[in-house]
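Read off the chains here:
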Amino acid sequence: MQFMTVVTSANPPRLTGAPPLLAVRDLVFYYGPLKALAGVSLSIKEGEVVALAGENGAGKSTLVRCIGGDMSPHGGEILIDGAPLSSDPAGIGRQGVSVLWQDLALCDNLDIAANLMLGRERRLHMASEVRLHTEATRVLKELGIDLPATSRDVRSLSGGQRQLVAVARAIARRPRLLLLDEPTAALGAAMSRQVEQLIADLRAQRTSVLLACHDVDLMFRLADRIVVLRHGRVVAEVAPAEVHPDDVVALQSGQNADSSARGQLTRLHGLTDRLVSADPSSSLSLILSALGAALGSERLCIHLVAGDDLVCAASLGLYGSLLLSAWSRLSRGPAGGPVGITAAVGQPVIEEDVRFAASWAAFSAAARAAKVASSWSVPVPGPGGLMAVITVFRAIPGRPTRDDLDLVTLYAGYAASAIERDRLLEEVTARNRVLETIREMLETLAGPLPVSDSLEVALGALCRGLQADSAALVIQPPGGKPAVRAAAVRPGSQHDGGRAGDQEIVAASHRLLSQGRSDNVAAWSLGHNGSQLLSVTFAAPGCGAALIASWSTGAQPADATALLEDAAHSLRLALEREEASIAHQEALTLRRSRELQRDFLSRLSHELRTPLTAIRGYASSLMQPDVTWDGASERRFLGRIAAESARLGRLVDDLLDFSAIESGILRLQQDWCDLPLVLEAAIACLPPDVSPPVRLSWTPELPVIWADHDRLEQVFVNLLANAIGHNPAGTSVAVTVTGSGPAHVEVTVSDDGVGLSPDLAGAPFEAVRRRRVATAGAGLGLSIAKGIVTAHGGEIKLVPQDSGTCFRIRLPVEAAGRSAQERPGGSGLSKATELTVGRAATEQTGVA
Amino acid sequence: MGADTATRALVVEDDPNIVDLIRSNLAVRGFDTVVSVDGLRALRLLETESPDIVLLDLMLPEVDGFELCRQIRERSSVAIIVVSARGGERDKVSALNVGADDYMTKPFSIEELLARINATLRRTRPATPTVAESVPEVITVADLVIDLTSQQVTRAGHPVHLTPTEFALLRELALNRGKLLSHAHLLRRVWGRGYETETEYVRVYVRRLRAKLESNGSPLIVTQPRAGYRIPAE
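Chains as they are written, first to last, in this note's numbering: chain A, 1 to 848; chain B, 849 to 1082.
In short, the hints are calculated from the structure, not lab data. This structure is a prediction, so every number in the text was calculated from the model and none was measured. We treat Cβ as the ideally placed atom computed from N, Cα and C, and that holds for glycine. Heads up, some of the hints might be wrong.
As the list claims (entries may be wrong) - Cβ-to-Cβ under 7 Å is the rule here; a few derived chain B residues that face chain A:
1. Ile-866
2. Ser-957
3. Thr-1045
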């Protein structure tokens, strides 16, 4: 059994989407009867440096020659970017593969430049010697390679210099995959460093490199991955970060590791060094591989205690085996095989021959498949009892030596401290999470978001911090029912995507709040569906509140109660802040409304005083004892007094109407009305010289409607007076009457004038919102119009449009609730009916 | 008021009836009247027509009447009577604060309008010394020098600009230095008969005099609560 892989449960093999740059599958090559490659598979991704390790004759050079196209394999395939490797060297070059041969394939009869540019002369059009040398010098300079004049024969160069020429030639082609076979073997230390730097630079430029060499330290410095070949097979693939160079050496030789005390000591030192700097999650596999190397055993695994179970946390040499899958989780006790028994008794369990061991009975098939003949399991004791079990597998029956057992015990100590370190780290992380949660909640709640928006965000943070399925804030107003104010569900939890826990939470909060509790103390309870509920009640402004977190499965953090109590405190402060903000908003609204009222009154006072001022002024002028007015002045004064008195009268009427509408006591004198007649009457009320003109049109067959003729006339006078008064000459006003279904009539009053001012368009019918306009009037017209239309059971709307103003009035033919029986037939108000029937759909121009 | 020379009134008002009313009544009494319905034109007419008195409506379309009043006062010491439909105390004080000399509420009678115009013109025109009163030409109070003849005031040698009403009030207080002058007395003497109850006129103008003439810590005019004001004797 030669195959060996280091696999850690923390780092499962990754799947990659794109094909690797180089994929070698089941490659076989014979030198006569000798099998040099016996089914080698490996792959290299773009920008990856993979080292081929192996002793002489392990197949490294053969593999490189096959990939470089120098030899054709007898089996298997080589793919570049998923396509088969070209069969001729030029094609391979085009595929982006460049090779630096171990035996220096330089042409001794050519100079440096010719060797460097070999095969590229034509492509570069280097007809002239001068250009060839210039280009060669440029390439060397760019690569930072220091060589004598490019016109020297390579024959005259030292071995190291020849190697640099070869390296330069391989690199100068800017390959995507560079195959290097012992690139530094012939070089001195300085030149080795130069070549090493070149390879590092290539990797930085995303060039992939397959590096075949003997120098394990060089591999550790350069390679992302080390593939170990032995006897024409891949025996291991390791990452330099996870193993020790010694392990690679041991893997290459396939010999038992140096088991001398000195060797073991060196190994231990190496292990402790690496453990210090290693990522905690990889420390167990490091210890395992170090132990494997120390024992010279290739297959090991370690199970961690997890409650009543034992979970395989790392294994060596078992990847993909049936045994590993069967042993991924074992129970404590006899059912758990040798591992379970070791955990139960706390003593090593040694099975000299698994075929006859009762503990292995349940796993005999897996043992046969994995060729396991004997095993020994050793407990890893920790400060709080058993922490783990390490199991070593052997392919031959027999007992371990005393030394081997001691070694495992020694490494078990390391494993124990690694596990302890992991546990402490987890604890610190958990504590950080709690602090992070509280911080996140506070930041959210104190942030610029309105409290109502930030509540859910804060509860989401709480959910994550508590690892709870859901969290909810429930509010109960005095005498009211509890209601979920805000809730959050942890993504991926059972409740994700729904609010399944809401009912549960409301029920639980009802229980709590009905007890009148608000003690800020968190307490556990059991939900109806078996979920764990943690709740805390507190006094929010004006109501009782409960904060509840729920877990349907999984563990609750140890400090969940403290966290929830803190969270409740934060929420209470946020709710108080919200309360204050609402009160502030209400005060603002009230003040605004008072300002509007005051503004309205001031405007009204102005509108009433203006005609009064004229009346009083003209009257007092006429009464001046010291002045005798001429006849024209006197007539003018009296005329103005009359006009202003009338205006004052209308204002007072409007005001009375407005008050009647406002207090809901507007009385309608309803009868059957013909709308076109009403409109004509309204147009007749306008000043005789109206500009713009009013165009009136209606559809035939308009029904008569049950309405107050005078009041409707008032509505249209108001609308038309606005349309006329606010628009310049050249614009026009159109009034259209149409039926709207059997039960309604619609009147549209539109103009193509200046349109309403934005503040007025916002709320056209609100008396108090209107600003003063240049023309007289208290601005009550639209409010009164709306009041009258509403009293008729109709509605008036400002229709948005680009220019001008358009009001649409929809009136019911009969007010709801009125019996249709009263509707006149051929008699009674037949005049109106006849008028309606008799009207054609002609257009009339309004009174001019 | 029987005007010897034509007195010129600028009427800033948008209601054609009130314009007609004021113009008719002022015309028969020998006034020239110019009218503006907007602020810019009013300021221009102030320059070109040099009116003796401005009748200013506070509620003009598109114009803040208070701001217009302030701008007129900034440019000129012309007499300003504000004519407003707003009768609130606050509006009255605000108008006086931005430089109005008088404030009249709509509706008003023509007699009231004419009386106020006359009183304001009398107050704001250079005083014609009466033979009966013998008054000094210059009064000095601390670093303040009040020249009654030229109507100039300097403080520590620097000229201080006072409106006619402000000057009239200062003159009255300075002439009666050491004496307590009641609100009613000041109103009658400075503003004229019929103004005795307009206590806030005195308050506003005393505040304005203090702002212009007093430095920190040395009060020029002393308030006698609920009684009146005086400039203390030396």
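Status of the hints after comparison with the structure:
A distance limit of 7 Å between C-beta atoms decides the matter here; for Ile-866/B the minimum to chain A is near 6 Å, and the interface restraint holds. Satisfaction of the interface hint for Ser-957/B is found here, the shortest Cβ-Cβ separation to chain A being roughly 4 Å, below the 7 Å cut-off. Hint on Thr-1045/B is violated. Least Cβ distance to chain A is approximately 21 Å, over the 7 Å limit.
Figure legend: structure checked against the earlier numbered hints; the only hint not met is number 3.
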